[in-house]
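Engineer: As they're listed, the protein sequences go chains A, B, C and D. Residue numbering for the first sequence follows the working numbering, starting at 1 and increasing by one per position. Residue numbering for the second sequence follows the working numbering, starting at 179 and increasing by one per position. Residue numbering for the third sequence follows the working numbering, starting at 357 and increasing by one per position. Residue numbering for the fourth sequence follows the working numbering, starting at 535 and increasing by one per position.
Simulated from the structure, these hints should not be mistaken for lab results. Remember, predicted model here, so these are calculated numbers, not experimental data. Each hint can be trusted.
From the structure, some residues in chain A lie toward chain D, with a derived Cβ separation under 10 Å:
#: 1; residue: 111
#: 2; residue: 112
#: 3; residue: 172
#: 4; residue: 175
Beta carbons: idealized from backbone N, C-alpha and C, even for Gly.
One-letter residues, chain by chain:
Number of protein chains: 4
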Amino acid sequence: MATELDRQHAWLTHEELGEVRGRVPILYVVAVPVRVDANGAVNRVGLLLRVSDTGTMERELVAGRVLYHERIRDALLRHLEKDLGAVALPQVPASPTPFTVAEFFPTPGVTAFHDPRQHAVALCFIVPVAGDTAPQQDSLELAWLTPHEAASTDVAAEMAGGHGALLRQALAHLGHAL
Amino acid sequence: MATELDRQHAWLTHEELGEVRGRVPILYVVAVPVRVDANGAVNRVGLLLRVSDTGTMERELVAGRVLYHERIRDALLRHLEKDLGAVALPQVPASPTPFTVAEFFPTPGVTAFHDPRQHAVALCFIVPVAGDTAPQQDSLELAWLTPHEAASTDVAAEMAGGHGALLRQALAHLGHAL
Amino acid sequence: MATELDRQHAWLTHEELGEVRGRVPILYVVAVPVRVDANGAVNRVGLLLRVSDTGTMERELVAGRVLYHERIRDALLRHLEKDLGAVALPQVPASPTPFTVAEFFPTPGVTAFHDPRQHAVALCFIVPVAGDTAPQQDSLELAWLTPHEAASTDVAAEMAGGHGALLRQALAHLGHAL
Amino acid sequence: MATELDRQHAWLTHEELGEVRGRVPILYVVAVPVRVDANGAVNRVGLLLRVSDTGTMERELVAGRVLYHERIRDALLRHLEKDLGAVALPQVPASPTPFTVAEFFPTPGVTAFHDPRQHAVALCFIVPVAGDTAPQQDSLELAWLTPHEAASTDVAAEMAGGHGALLRQALAHLGHAL
Numbered sequence: 001m002a003t004e005l006d007r008q009h010a011w012l013t014h015e016e017l018g019e020v021r022g023r024v025p026i027l028y029v030v031a032v033p034v035r036v037d038a039n040g041a042v043n044r045v046g047l048l049l050r051v052s053d054t055g056t057m058e059r060e061l062v063a064g065r066v067l068y069h070e071r072i073r074d075a076l077l078r079h080l081e082k083d084l085g086a087v088a089l090p091q092v093p094a095s096p097t098p099f100t101v102a103e104f105f106p107t108p109g110v111t112a113f114h115d116p117r118q119h120a121v122a123l124c125f126i127v128p129v130a131g132d133t134a135p136q137q138d139s140l141e142l143a144w145l146t147p148h149e150a151a152s153t154d155v156a157a158e159m160a161g162g163h164g165a166l167l168r169q170a171l172a173h174l175g176h177a178l
Numbered sequence: 179m180a181t182e183l184d185r186q187h188a189w190l191t192h193e194e195l196g197e198v199r200g201r202v203p204i205l206y207v208v209a210v211p212v213r214v215d216a217n218g219a220v221n222r223v224g225l226l227l228r229v230s231d232t233g234t235m236e237r238e239l240v241a242g243r244v245l246y247h248e249r250i251r252d253a254l255l256r257h258l259e260k261d262l263g264a265v266a267l268p269q270v271p272a273s274p275t276p277f278t279v280a281e282f283f284p285t286p287g288v289t290a291f292h293d294p295r296q297h298a299v300a301l302c303f304i305v306p307v308a309g310d311t312a313p314q315q316d317s318l319e320l321a322w323l324t325p326h327e328a329a330s331t332d333v334a335a336e337m338a339g340g341h342g343a344l345l346r347q348a349l350a351h352l353g354h355a356l
Numbered sequence: 357m358a359t360e361l362d363r364q365h366a367w368l369t370h371e372e373l374g375e376v377r378g379r380v381p382i383l384y385v386v387a388v389p390v391r392v393d394a395n396g397a398v399n400r401v402g403l404l405l406r407v408s409d410t411g412t413m414e415r416e417l418v419a420g421r422v423l424y425h426e427r428i429r430d431a432l433l434r435h436l437e438k439d440l441g442a443v444a445l446p447q448v449p450a451s452p453t454p455f456t457v458a459e460f461f462p463t464p465g466v467t468a469f470h471d472p473r474q475h476a477v478a479l480c481f482i483v484p485v486a487g488d489t490a491p492q493q494d495s496l497e498l499a500w501l502t503p504h505e506a507a508s509t510d511v512a513a514e515m516a517g518g519h520g521a522l523l524r525q526a527l528a529h530l531g532h533a534l
Numbered sequence: 535m536a537t538e539l540d541r542q543h544a545w546l547t548h549e550e551l552g553e554v555r556g557r558v559p560i561l562y563v564v565a566v567p568v569r570v571d572a573n574g575a576v577n578r579v580g581l582l583l584r585v586s587d588t589g590t591m592e593r594e595l596v597a598g599r600v601l602y603h604e605r606i607r608d609a610l611l612r613h614l615e616k617d618l619g620a621v622a623l624p625q626v627p628a629s630p631t632p633f634t635v636a637e638f639f640p641t642p643g644v645t646a647f648h649d650p651r652q653h654a655v656a657l658c659f660i661v662p663v664a665g666d667t668a669p670q671q672d673s674l675e676l677a678w679l680t681p682h683e684a685a686s687t688d689v690a691a692e693m694a695g696g697h698g699a700l701l702r703q704a705l706a707h708l709g710h711a712l
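Assemble the whole structure, with the sequences as input and the hints as a guide.
Structural biologist: Next comes the structure, spelled out in structure tokens:
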């Protein structure tokens, strides 16, 4: 299925995507990868370390577009595999309800989130990861922080694209005291 | 704001919308209008009665597209005003988290929901309505059913486009015993 | 920890528990055990088959009291182990938010749920189970039904104590079309 | 109904309550009072200012016990009326699902929340308030802060009993960037 989707994706050239982006909100998924202990409590949060377009180091969550004719759960798995590798064994939630919905506007200030490229709506999920992870593609590292470390404002400051706010919303949803 | 959005919407001709629909998932909102008692408990659920394209009578929830550069909460208000009138006083939830997310596929059987026109993703909300409602446009009637009546399989059978399933999911979320 | 809790539990004789039950609401947890496929989608729901006090066969969810000084997550694990065995490998959700809260009243009709023994408040969770299950104690069988089978009104009719309603609320929360 | 509940409550003397508190978890509700604009977005959060037992000034959320044979929604209304007055017109959510569940243990460190008096489990709700509020009883003031003000760590530091953490979890659930 992934290959068929990739083909469809290939049909959407950068120009075409740019055109669509100015006409409708674009659907995204965001995954907060976590490690859980034997009781199901989160003891680590996974953050990607990437070199941004401007050459600075940035921490990131797993995020990406939902393609045409792709289920949300399959989009989550595709982006998790792309960023964490093929043997991460992510446990995508059984329920379709996200822990939050983030609205990114090209105009700053409409909502708490801003994306100069587009109007994007991101469905955000916390995803326990049971297997081995290996940073892929342009990621330098996947750092597993404790919830306490992840909740620090220093970490949030290193995250662009509203990911710091989403990480803290995820920690709050997990019952962590920010 | 509605008029500006309508203008933007006018820019997207039927042909253009058709083209976009084959390329990306289209974002929708669904609202289940309810009446609540003084304690906040739901005592009525509002269903629209409409003549379908094929001439049969159908019951419907409030539903529609989220436009480019429109907040989810503004899309909900726009569709509620369009269907229930200008003085319905809908209380759109403070939190952005929907009670469910429904994925409609042009191919039947991929998920529980099917839409031959497009791949649509609907964020679904329960919306208490405090004011006076008047069915608008092509709606013949707005019927306020008790949760017990709304939960009947007869009512669900009169609803097309997966709205019967979404209504029952809303009732379940409200704690109703189906 | 379980043994210490059992000891504390032992300190609460039946008479003492009866006394407390008439004074405060008693906190319960309910778990809906499920099997998920590689994508995280639920493909089976687990129901216990038990002989009731009156000698009839009844289907049941996993349910039980939260003890003094016991975390909700530990109460879920204790009751799941008691009913499904020690190697069921239940994945208790990372978030403390239940999919629903059911209020059982000794007086019928106050809410949708009734418990002649007490006023009980149950926090309800969907729990994926990855390991082997073996019915324990007084359970005759653990049946793994498809979501479609579990959603049938016949199955709900075989469940006492409001468990049929909770099962259907869980399926609705999972996005199943009831 | 309140008077009957008060009578039942009166039957539970301080000694009796103390005895029950050492035997079972005690069920609480917490309400975060908010003001919403015409679109349903939160623009103010209400915090009580109270003199603590030790004579210091503390900010607080609305919180209290669920009594025997009292519905969660009625407990919320009773505590809101007690703290905000009789004409606050709180809109208790239609759904029984709390935005979080906080577990308070008499032993520090078991969870993020600590209550030296008891093991308490609090179901937490965000409650829009539409009417006039007047601080009652031992409250000196009800301050309406913007979400931005309420999210400051200074405010959280003025709140005891874990209320600062619950306030920030509520803001995160509302989509606020902490």
